[in-house]
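K.L.:
Using the sequences and the hints given, assemble the complete structure.
2 protein chains.
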Amino acid sequence: MLSALANPHRLRILAMLKAEGRSYVSQLARQVGISRPLLHLHLQKLEEAGLVTSQLELSPDGKALNFFAVADFAVDLTPDLLVQAVATLSAKTD
Amino acid sequence: MLSALANPHRLRILAMLKAEGRSYVSQLARQVGISRPLLHLHLQKLEEAGLVTSQLELSPDGKALNFFAVADFAVDLTPDLLVQAVATLSAKTD
DNA sequence: AACATGTGTCAGTAAATTCTTACAGGTGTC
DNA sequence: GACACCTGTAAGAATTTACTGACACATGTT
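Protein sequences appear in the order of chains A and B.
In terms of the UniProt record's numbering, the first sequence opens at residue 1 and continues consecutively.
In terms of the UniProt record's numbering, the second sequence opens at residue 1 and continues consecutively.
Derived from the structure by calculation, the hints contain no laboratory data.
Bear in mind the structure is a predicted one, so any value in this text is a computation, not a measurement.
Do not rely on the hints blindly, as some may be mistaken.
Partial list, computed: chain B residues near chain A (C-beta under 8 Å) [stated by the list, open to error]:
hint, residue
1, L5
2, L14
3, A15
4, F73
5, A74
6, V75
7, V83
8, A85
Listed below are the simulated SDA-like cross-link pairs for lysine to any residue, each with C-alpha atoms no more than 25 Å apart in a straight line [unchecked claim]:
hint, chain 1, residue 1, chain 2, residue 2
9, A, K45, B, K63
10, B, K18, A, H42
11, A, K45, B, A87
12, A, K18, B, T88
13, B, K45, A, N66
14, A, K18, A, N66
15, B, K18, B, A64
16, B, K63, B, E47
17, B, K18, A, L77
18, B, K45, A, N7
19, A, K45, B, M1
20, B, K45, A, H42
21, B, K45, A, L77
22, A, K18, B, M1
23, B, K18, A, L89
24, B, K45, A, A87
Even glycine gets a Cβ: it sits at the ideal position worked out from N, Cα and C.
P.N.:
Structure follows, in structure tokens:
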């Protein structure tokens, strides 16, 4: 999840989605100013991290649009929380 | 700062420092189980991000030891905060 | 002097990410 | 059918990040 946030493009995508409320892939690509395949990749990572949600819909003229929106996350980033996170990742008995 | 946290080694370093209170480079390298030059690199990134602090001291037998400790940070990771962060990074007038 | 401890840095390589280009499929309109 | 939209994926290039091994320097002990 932290690696998903460690990228300017992805932060910009989140900001844009937050501003727009929701947007579909091609439109969002134009808004952010990056290619559609690249956006698709970033959206994948964001969705895997649970930071955005997708919802496939049909427009009035029958086209399939994949809408994305920011998930409602809230994490208190402190040293203590990171200690817990590390315990989760590695079950090493040093 | 987010990229500094987006790495298992660095999270482990923070966890170890939090557990030990403080530690110097060579000792910490042994504790975490990575090479000293590599640890040095990670500590650099952590310090640049303001997540750790360093303090050069002299041991009783005259050796210069560089002690590190975790900084007392607290960030509330929410969509709204990220929007602010993006505004800081890019002053683009779209 | 040779050794063990500590500090840092630099060059080259390995690996992971990021990005582009090209492809393949869908529906509706001219 | 050709075009305009939309969707996805996959291969290869380019870039960034991570890592190793060697070097240089310092102090105290054998």
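K.L.:
Does each hint hold? Answer for all of them.
P.N.:
Structure-based check of all given hints:
no., hint, result
1, L5, "5 Å, holds"
2, L14, "5 Å, holds"
3, A15, "4 Å, holds"
4, F73, "7 Å, holds"
5, A74, "5 Å, holds"
6, V75, "4 Å, holds"
7, V83, "5 Å, holds"
8, A85, "6 Å, holds"
9, A/K45 with B/K63, "46 Å, violated"
10, B/K18 with A/H42, "33 Å, violated"
11, A/K45 with B/A87, "22 Å, holds"
12, A/K18 with B/T88, "16 Å, holds"
13, B/K45 with A/N66, "38 Å, violated"
14, A/K18 with A/N66, "16 Å, holds"
15, B/K18 with B/A64, "22 Å, holds"
16, B/K63 with B/E47, "22 Å, holds"
17, B/K18 with A/L77, "14 Å, holds"
18, B/K45 with A/N7, "16 Å, holds"
19, A/K45 with B/M1, "19 Å, holds"
20, B/K45 with A/H42, "24 Å, holds"
21, B/K45 with A/L77, "17 Å, holds"
22, A/K18 with B/M1, "21 Å, holds"
23, B/K18 with A/L89, "16 Å, holds"
24, B/K45 with A/A87, "22 Å, holds"
When held up to the earlier numbered hints, the structure conflicts with 9, 10 and 13 and fits the remainder.
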